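K.L.:
The chain contents come next:
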Amino acid sequence: MTNTPIDRRRFLQTASATTAAAIAAPSVWSPAKAQARQETLLIVSESGPNNLDIHGVGTNVPGYEVSWNTYDRLISHEMKDVNGTAYYDRDKFKMELAEDMAVGDMSVTFKLKKNATFHDGTPVTAKDVKWSLDRAVSVGGFPTFQMKAGSLEKPEQFVVVDDHTVRVDFIRKDRLTIPDLAVIVPCVVNSELVKKNAGPNDPWGLEYTKQTPAGSGAYKVTKWTPGTEVVLERNEDWKGGTLPKVRRIIWRMVPSAGNRRALLERGDADISYELPNKDFVELKDAGKLSIVSTPFSNGCQYLGMNVKQPPFDNPKVRQAVAYAIPYQKIMDAVLFGLGKPLFGASGSPAASWPVAHQYNTDMAKAKALLTEAGYPNGFETTISFDLGFATINEPLAILVQESLGQIGIRTTINKIPGANWRTELNKKVMPLYTNVFSGWLDYPEYFFFWCYHGANSVFNTMSYQSPTMDAFIDGARKAAAVGDAATYEKDVKGFIETAFTDVPRIPLFQPYSNVAMQKNVSGYQYWFHRRLDYRALVKA
Amino acid sequence: MLAQIGKRFLTVIPSLIGVIIVTFLLTRVLPGDTASYFAGPAATPQAIAEIRTKLGLDKPLPVQFADYVAALVKGDLGQSLTTGQAVTKDIAARLPASAELTLAGLFLAMSIALPLGVMAAVRQGSWIDHLCRIIATAGVSLPVFFTGLLLVYVFYFILGWTPAPLGRLDVFYSEPARVTGFLLIDSLIAGEFETFRAAFAQLILPAVTLAIFSLAPITRMTRASMLAVLGADFVRTARASGLDSSTIIGTYAFRNAMLPVVTTLGMVFSFLLGANVLVEKVFAWPGIGSYAVEALIASDYAPIQGFVLTMAILYVLLNLMIDILYGVIDPRVRLEG
Numbered sequence: 000m001t002n003t004p005i006d007r008r009r010f011l012q013t014a015s016a017t018t019a020a021a022i023a024a025p026s027v028w029s030p031a032k033a034q035a036r037q038e039t040l041l042i043v044s045e046s047g048p049n050n051l052d053i054h055g056v057g058t059n060v061p062g063y064e065v066s067w068n069t070y071d072r073l074i075s076h077e078m079k080d081v082n083g084t085a086y087y088d089r090d091k092f093k094m095e096l097a098e099d100m101a102v103g104d105m106s107v108t109f110k111l112k113k114n115a116t117f118h119d120g121t122p123v124t125a126k127d128v129k130w131s132l133d134r135a136v137s138v139g140g141f142p143t144f145q146m147k148a149g150s151l152e153k154p155e156q157f158v159v160v161d162d163h164t165v166r167v168d169f170i171r172k173d174r175l176t177i178p179d180l181a182v183i184v185p186c187v188v189n190s191e192l193v194k195k196n197a198g199p200n201d202p203w204g205l206e207y208t209k210q211t212p213a214g215s216g217a218y219k220v221t222k223w224t225p226g227t228e229v230v231l232e233r234n235e236d237w238k239g240g241t242l243p244k245v246r247r248i249i250w251r252m253v254p255s256a257g258n259r260r261a262l263l264e265r266g267d268a269d270i271s272y273e274l275p276n277k278d279f280v281e282l283k284d285a286g287k288l289s290i291v292s293t294p295f296s297n298g299c300q301y302l303g304m305n306v307k308q309p310p311f312d313n314p315k316v317r318q319a320v321a322y323a324i325p326y327q328k329i330m331d332a333v334l335f336g337l338g339k340p341l342f343g344a345s346g347s348p349a350a351s352w353p354v355a356h357q358y359n360t361d362m363a364k365a366k367a368l369l370t371e372a373g374y375p376n377g378f379e380t381t382i383s384f385d386l387g388f389a390t391i392n393e394p395l396a397i398l399v400q401e402s403l404g405q406i407g408i409r410t411t412i413n414k415i416p417g418a419n420w421r422t423e424l425n426k427k428v429m430p431l432y433t434n435v436f437s438g439w440l441d442y443p444e445y446f447f448f449w450c451y452h453g454a455n456s457v458f459n460t461m462s463y464q465s466p467t468m469d470a471f472i473d474g475a476r477k478a479a480a481v482g483d484a485a486t487y488e489k490d491v492k493g494f495i496e497t498a499f500t501d502v503p504r505i506p507l508f509q510p511y512s513n514v515a516m517q518k519n520v521s522g523y524q525y526w527f528h529r530r531l532d533y534r535a536l537v538k539a
Numbered sequence: 000m001l002a003q004i005g006k007r008f009l010t011v012i013p014s015l016i017g018v019i020i021v022t023f024l025l026t027r028v029l030p031g032d033t034a035s036y037f038a039g040p041a042a043t044p045q046a047i048a049e050i051r052t053k054l055g056l057d058k059p060l061p062v063q064f065a066d067y068v069a070a071l072v073k074g075d076l077g078q079s080l081t082t083g084q085a086v087t088k089d090i091a092a093r094l095p096a097s098a099e100l101t102l103a104g105l106f107l108a109m110s111i112a113l114p115l116g117v118m119a120a121v122r123q124g125s126w127i128d129h130l131c132r133i134i135a136t137a138g139v140s141l142p143v144f145f146t147g148l149l150l151v152y153v154f155y156f157i158l159g160w161t162p163a164p165l166g167r168l169d170v171f172y173s174e175p176a177r178v179t180g181f182l183l184i185d186s187l188i189a190g191e192f193e194t195f196r197a198a199f200a201q202l203i204l205p206a207v208t209l210a211i212f213s214l215a216p217i218t219r220m221t222r223a224s225m226l227a228v229l230g231a232d233f234v235r236t237a238r239a240s241g242l243d244s245s246t247i248i249g250t251y252a253f254r255n256a257m258l259p260v261v262t263t264l265g266m267v268f269s270f271l272l273g274a275n276v277l278v279e280k281v282f283a284w285p286g287i288g289s290y291a292v293e294a295l296i297a298s299d300y301a302p303i304q305g306f307v308l309t310m311a312i313l314y315v316l317l318n319l320m321i322d323i324l325y326g327v328i329d330p331r332v333r334l335e336g
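Heads up: the protein sequence lines correspond to chains A and B, in order. Numbering follows numbering that gives the first Met the number 0, in which position 303 of the first sequence is assigned residue number 302; successive positions increment by one, without gaps. Numbering follows numbering that gives the first Met the number 0, in which position 146 of the second sequence is assigned residue number 145; successive positions increment by one, without gaps.
Next up, chain A with everything else stripped away, as it sits in the complex (with noise of 0.2 angstroms):
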């Protein structure tokens, strides 16, 4: 009977750890399932795919990584080390489905590997190629605007030559065509399938596509609940490159960032991304994952003013501005370090972008700058931002107001819903605001072209329009497609510099994309898309 207590609490201990034993117990892998866990990577991100073919009507961008994936693309690029990341080689292209590519003075011609198949097991032929480039210029919507950025705009340019050679036709020269052929839009796809299945309101398939890859990519999709989860198996047959090493991924989307980076910390999923800027630090001061960091190519956060409407229709105006931001803290407290300074340089820009801007934390100029430009007082106006990408830009444009009031320049915070954010950018009427931009082609001129040329396209959300910008431009542009280096270099430094004494827009920092994952997963390439390329990736 003496023993009876300790018997009593030695029996609720075995009794709450067979509990705690029988509600643990899926994670105690059967032999089978250990081994899949081992073949198997597990993603987990916020968002899902809408759509698994990026020409689809409003694929959006968790849809573009199952197409880089899934399908495959003439050409794509070579890596290189860039501090110890694998980075896109701008300038090498690797063959995919082409096993040979013969540029031309008027035109690149590509032979096709002849043993490639599509998932179904029907060969990749010439023919393919021409519908899914054709299909690509004709669909409307992004897929032909980023054709249209390589001066890819008409079917008649995409040849076939004979039953394993295309030629695409260039209507100009243009530095940015060969490139624009090794995005994720230019993808071939299974013309034969597709159009068995597209309707008579659909001649593209695009229905078809929505839902059912049609490509010969690295990987197939075998499951896809919208909003849950993407499962993909290895394309055993790739003919694309060498066999991917992991055999199947999951992803699965988890919209609370605090459940992600538990996930990650306990081992149970394999790479996150989109996880909040300060929680990544914390884990790579934590050392348990591995977290790569790598400035966003071609792109930058930036302080847009409309040059259209007084005040900020005075560069004076603009340049008090670009002294007043508080560039220093908002590295610090709103990116927790995680991003590229692009402030406070000294001497000319070099000819590259995005690169630092002359201006620094300095009141007392901007004070004076404003006085020079008439307003003592300062003046009133409101500060937008997109409500998406709330985790960055609150603090930031708290941090603005707070700084600009120094000066004088009243300002109220307008947030708005992502839903609306593009509508009121399309406007062009908001007299103060932060963006972002990045270009898929990491191009200088490219850039210019599309956010300080007087074309006034939709991404020169200011309404700049400046003639000496313009012939900048316009110049580096024609010196890229012959080859002129010289006047490339001269014309590009020119359009930084106006772009720096004029500042229609403040460039802020240069945002990293960044990815945690576990120890022993490895192989992560960064791309010009930001997504995952599963095909590298290696799982210890």
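By construction, these hints were calculated from the structure, which means they are not laboratory data. Worth double-checking, as some hints may not be accurate.
As the list claims (entries may be wrong) - Within a straight-line C-alpha distance of at most 20 angstroms, the following computed SDA-like cross-link-like pairs (lysine to any residue) qualify:
| no. | chain 1 | residue 1 | chain 2 | residue 2 |
| --- | --- | --- | --- | --- |
| 1 | A | K426 | B | L56 |
| 2 | B | K53 | A | E206 |
| 3 | A | K222 | B | S173 |
| 4 | A | K287 | B | E49 |
| 5 | A | K172 | A | S150 |
| 6 | A | K112 | A | T164 |
| 7 | A | K153 | B | S173 |
| 8 | A | K538 | B | L158 |
| 9 | B | K58 | A | T422 |
| 10 | A | K153 | B | G159 |
| 11 | A | K222 | B | Q45 |
| 12 | B | K53 | A | P199 |
| 13 | A | K538 | A | P199 |
| 14 | A | K222 | B | A176 |
| 15 | A | K79 | A | F92 |
| 16 | A | K426 | B | S173 |
| 17 | A | K339 | A | P394 |
| 18 | A | K287 | B | G159 |
| 19 | A | K222 | A | K112 |
| 20 | A | K427 | B | Q45 |
| 21 | A | K414 | B | L56 |
| 22 | A | K538 | A | I290 |
| 23 | A | K244 | A | D99 |
Said to hold, decoys possible - Here are the simulated distance ranges between beta carbons:
| no. | chain 1 | residue 1 | chain 2 | residue 2 | range |
| --- | --- | --- | --- | --- | --- |
| 24 | B | M266 | A | E45 | 27 to 37 angstroms |
| 25 | A | V159 | B | L15 | 39 to 49 angstroms |
| 26 | A | Q34 | B | A85 | 30 to 40 angstroms |
| 27 | A | P154 | B | P44 | 16 to 26 angstroms |
| 28 | A | S137 | B | D75 | 58 to 68 angstroms |
Note that the structure is predicted; figures quoted are calculated from it, not measured. For every residue, glycine included, the Cβ atom is placed at its ideal position computed from N, Cα and C.
Dock chain B against the given chain A, drawing on the hints supplied.
P.N.:
Positioned in the frame of chain A, the structure of chain B alone reads:
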């Protein structure tokens, strides 16, 4: 009885028509622009216009409404742009997930709240009454996302007792053949006990989160209504007649106290079903609440309309069921429109 139910349904029709019109108009006055949202960051005004035409959003409102109603009659709720699927398909897939979670949470809450409420009323002022008060206050004051995250932190992150908060089923289990859409039932029908256990383990934390939140109204209502009944004449008479107290409380008092409790249960259920968005977000639960919110963020009209309509129909059915239940509990209550 059937005639009465039929009559009751007739009164529902005008409210459904109202719901259809109001949701249609409400979604149209939302500030967002669907076309430019889905045209993506690189869209030209021309690309946006193309998408707008494709979606039929360039037509005048009355024409859009006529299109919508015509499709609705055929049972077509339109296409969701955020998931890329038909709304009916999405809702059919997601409603059982929400219902399973809500029912589990509600049963858990009921099994604690009803006895607790009854005991608190019987032993008014005792420790159990105070416990009841504390639980109710705490349950209401803790926001669900907080309790949810706290539970995940303690039971998953620190202790590792519960599986990863990855939705309805662990990554390495496949869903059982779909019969009811309730994983617990479907896995049993398919005879897959391991799947049943996995689904059950996933359900524990979110269900507890919901239960904590819904404990309060049920406990308070049970207590209050029991108190009122216990003070009634017929209970005094029963006591005076020498009936033992378990018969008085269990058979006479409780049954009479059930009416307001059932009403509360109905309200709590329908509220939870639509409002457990936060729980669904925290546990990556593929339910209908998170679906509607995602659609709302993207100004995606069709799913919002579909969601509101589904909810309206559910409310109507639920209220009808409660009314019928009234009649069963208390034959004096007549079912009337």
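K.L.:
Each hint: holds or not?
P.N.:
Consistency of the hints with the structure:
no.: 1; hint: A:K426 - B:L56; verdict: holds (19 angstroms)
no.: 2; hint: B:K53 - A:E206; verdict: holds (13 angstroms)
no.: 3; hint: A:K222 - B:S173; verdict: holds (11 angstroms)
no.: 4; hint: A:K287 - B:E49; verdict: violated (48 angstroms)
no.: 5; hint: A:K172 - A:S150; verdict: holds (8 angstroms)
no.: 6; hint: A:K112 - A:T164; verdict: holds (9 angstroms)
no.: 7; hint: A:K153 - B:S173; verdict: violated (46 angstroms)
no.: 8; hint: A:K538 - B:L158; verdict: violated (26 angstroms)
no.: 9; hint: B:K58 - A:T422; verdict: holds (19 angstroms)
no.: 10; hint: A:K153 - B:G159; verdict: violated (58 angstroms)
no.: 11; hint: A:K222 - B:Q45; verdict: violated (34 angstroms)
no.: 12; hint: B:K53 - A:P199; verdict: holds (15 angstroms)
no.: 13; hint: A:K538 - A:P199; verdict: violated (45 angstroms)
no.: 14; hint: A:K222 - B:A176; verdict: holds (15 angstroms)
no.: 15; hint: A:K79 - A:F92; verdict: holds (12 angstroms)
no.: 16; hint: A:K426 - B:S173; verdict: violated (48 angstroms)
no.: 17; hint: A:K339 - A:P394; verdict: holds (18 angstroms)
no.: 18; hint: A:K287 - B:G159; verdict: holds (18 angstroms)
no.: 19; hint: A:K222 - A:K112; verdict: violated (29 angstroms)
no.: 20; hint: A:K427 - B:Q45; verdict: holds (16 angstroms)
no.: 21; hint: A:K414 - B:L56; verdict: violated (25 angstroms)
no.: 22; hint: A:K538 - A:I290; verdict: holds (15 angstroms)
no.: 23; hint: A:K244 - A:D99; verdict: violated (26 angstroms)
no.: 24; hint: B:M266 - A:E45: 27 to 37 angstroms; verdict: holds (33 angstroms)
no.: 25; hint: A:V159 - B:L15: 39 to 49 angstroms; verdict: violated (56 angstroms)
no.: 26; hint: A:Q34 - B:A85: 30 to 40 angstroms; verdict: holds (37 angstroms)
no.: 27; hint: A:P154 - B:P44: 16 to 26 angstroms; verdict: holds (24 angstroms)
no.: 28; hint: A:S137 - B:D75: 58 to 68 angstroms; verdict: violated (28 angstroms)
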